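K.L.:
Here this note's numbering is used: the first residue of the sequence shown is 795, the next is one more, and so on.
Since the hints were made in silico from the structure, they are not lab data. Be a bit skeptical, because a hint or two may be false.
Stated by the list, open to error - FRET-style restraints, in silico, Cβ to Cβ: (1) Lys857 to Gly894: 40 to 50 Å; (2) Gln856 to Gly894: 39 to 49 Å; (3) Arg892 to Ala914: 24 to 34 Å; (4) Leu864 to Ala899: 21 to 31 Å; (5) Thr888 to Gly802: 20 to 30 Å; (6) Ser816 to Gly935: 29 to 39 Å; (7) Gln860 to Gly894: 38 to 48 Å; (8) His874 to Ile804: 27 to 37 Å; (9) Leu834 to Gly935: 18 to 28 Å; (10) Arg821 to Asp904: 48 to 58 Å; (11) Leu834 to Ser901: 32 to 42 Å; (12) Asp836 to Glu859: 17 to 27 Å; (13) Leu885 to Val848: 30 to 40 Å; (14) Lys938 to Gly819: 47 to 57 Å.
To be verified - Taking lysine to aspartate or glutamate pairs in the EDC-like style, the calculated list, with each CA pair at most 16 Å apart, reads: (15) Lys810 to Glu859; (16) Lys835 to Glu859; (17) Lys835 to Glu796; (18) Lys817 to Glu850; (19) Lys817 to Glu858; (20) Lys938 to Glu881; (21) Lys831 to Glu859; (22) Lys831 to Glu858; (23) Lys810 to Asp898; (24) Lys797 to Asp828; (25) Lys938 to Glu926; (26) Lys857 to Asp898; (27) Lys835 to Glu858.
Note that the coordinates shown come from a computational prediction; the quantities given were computed from them, not determined experimentally. Don't be surprised by glycine CBs; every beta carbon is placed ideally from N, CA and C.
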Amino acid sequence: MEKARLQGVIGIAFDKCQHVFSKGGGRTNGIFLDSFKTLLKDSRWPLMLILSGVPELGNYVQKEEQLARLLRPIRFDPIHLPQDMDEMNRLAYTYADRAGLCFDALSSTDFFYRLAYAFAGRWGLVIELIIEAFVQRQVSGATKVT
Numbered sequence: 795m796e797k798a799r800l801q802g803v804i805g806i807a808f809d810k811c812q813h814v815f816s817k818g819g820g821r822t823n824g825i826f827l828d829s830f831k832t833l834l835k836d837s838r839w840p841l842m843l844i845l846s847g848v849p850e851l852g853n854y855v856q857k858e859e860q861l862a863r864l865l866r867p868i869r870f871d872p873i874h875l876p877q878d879m880d881e882m883n884r885l886a887y888t889y890a891d892r893a894g895l896c897f898d899a900l901s902s903t904d905f906f907y908r909l910a911y912a913f914a915g916r917w918g919l920v921i922e923l924i925i926e927a928f929v930q931r932q933v934s935g936a937t938k939v940t
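Kindly produce the complete structure, drawing on both the sequences and the hints.
P.N.:
Here's what the structure looks like:
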């Protein structure tokens with residue numbers, strides 16, 4: 795915890811977290827759940843946790859009552875176009891602005907349909923791609939996303 799504090803780490807994200815649990819692993823599952831709870835409640839440097847995964851993950855977390863009270867589940871519904879078009883556009887422009895990039899050339903209905911389709915309507919994957927693509931453009935010295 796001291797290293798986390800010294801480095802300014804305020805949170806840890808565990809992606810696909812459901813994979814650390816097993817259906818018959820009650821004892822092992824309990825160890826993981828206790829560890830997560832300890833990270834959240836450490837008096838020297840409490841951390842924020844992001845446990846991402848499929849809905850099944852929530853079933854494991856609910857087995858540890860104290861941990862379940864400390865976490866707030868958020869569910870991302872699949873992308874539905876055209877209803878989510880404005881949100882996708884806002885998301886892309888927000889990240890582009892943050893990276894100092896112009897997104898105008900790709901801001902189109904066709905692009906967003908292709909993006910949603912390519913990632914099976916999953917917000918998390920779309921966000922990951924947008925961030926990675928924008929970082930690559932920024933590092934290359936580009937000013938536009940094309």
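K.L.:
Next step is simple, just say for each hint if it's right about the structure.
P.N.:
Tested hints:
no.: 1; hint: Lys857 to Gly894: 40 to 50 Å; verdict: 45 Å, holds
no.: 2; hint: Gln856 to Gly894: 39 to 49 Å; verdict: 43 Å, holds
no.: 3; hint: Arg892 to Ala914: 24 to 34 Å; verdict: 26 Å, holds
no.: 4; hint: Leu864 to Ala899: 21 to 31 Å; verdict: 44 Å, violated
no.: 5; hint: Thr888 to Gly802: 20 to 30 Å; verdict: 24 Å, holds
no.: 6; hint: Ser816 to Gly935: 29 to 39 Å; verdict: 47 Å, violated
no.: 7; hint: Gln860 to Gly894: 38 to 48 Å; verdict: 43 Å, holds
no.: 8; hint: His874 to Ile804: 27 to 37 Å; verdict: 33 Å, holds
no.: 9; hint: Leu834 to Gly935: 18 to 28 Å; verdict: 41 Å, violated
no.: 10; hint: Arg821 to Asp904: 48 to 58 Å; verdict: 52 Å, holds
no.: 11; hint: Leu834 to Ser901: 32 to 42 Å; verdict: 39 Å, holds
no.: 12; hint: Asp836 to Glu859: 17 to 27 Å; verdict: 19 Å, holds
no.: 13; hint: Leu885 to Val848: 30 to 40 Å; verdict: 22 Å, violated
no.: 14; hint: Lys938 to Gly819: 47 to 57 Å; verdict: 50 Å, holds
no.: 15; hint: Lys810 to Glu859; verdict: 21 Å, violated
no.: 16; hint: Lys835 to Glu859; verdict: 14 Å, holds
no.: 17; hint: Lys835 to Glu796; verdict: 14 Å, holds
no.: 18; hint: Lys817 to Glu850; verdict: 10 Å, holds
no.: 19; hint: Lys817 to Glu858; verdict: 15 Å, holds
no.: 20; hint: Lys938 to Glu881; verdict: 20 Å, violated
no.: 21; hint: Lys831 to Glu859; verdict: 10 Å, holds
no.: 22; hint: Lys831 to Glu858; verdict: 9 Å, holds
no.: 23; hint: Lys810 to Asp898; verdict: 33 Å, violated
no.: 24; hint: Lys797 to Asp828; verdict: 20 Å, violated
no.: 25; hint: Lys938 to Glu926; verdict: 14 Å, holds
no.: 26; hint: Lys857 to Asp898; verdict: 47 Å, violated
no.: 27; hint: Lys835 to Glu858; verdict: 14 Å, holds
Going down the numbered hints, you'll see the structure goes against 4, 6, 9, 13, 15, 20, 23, 24 and 26, while the others check out.
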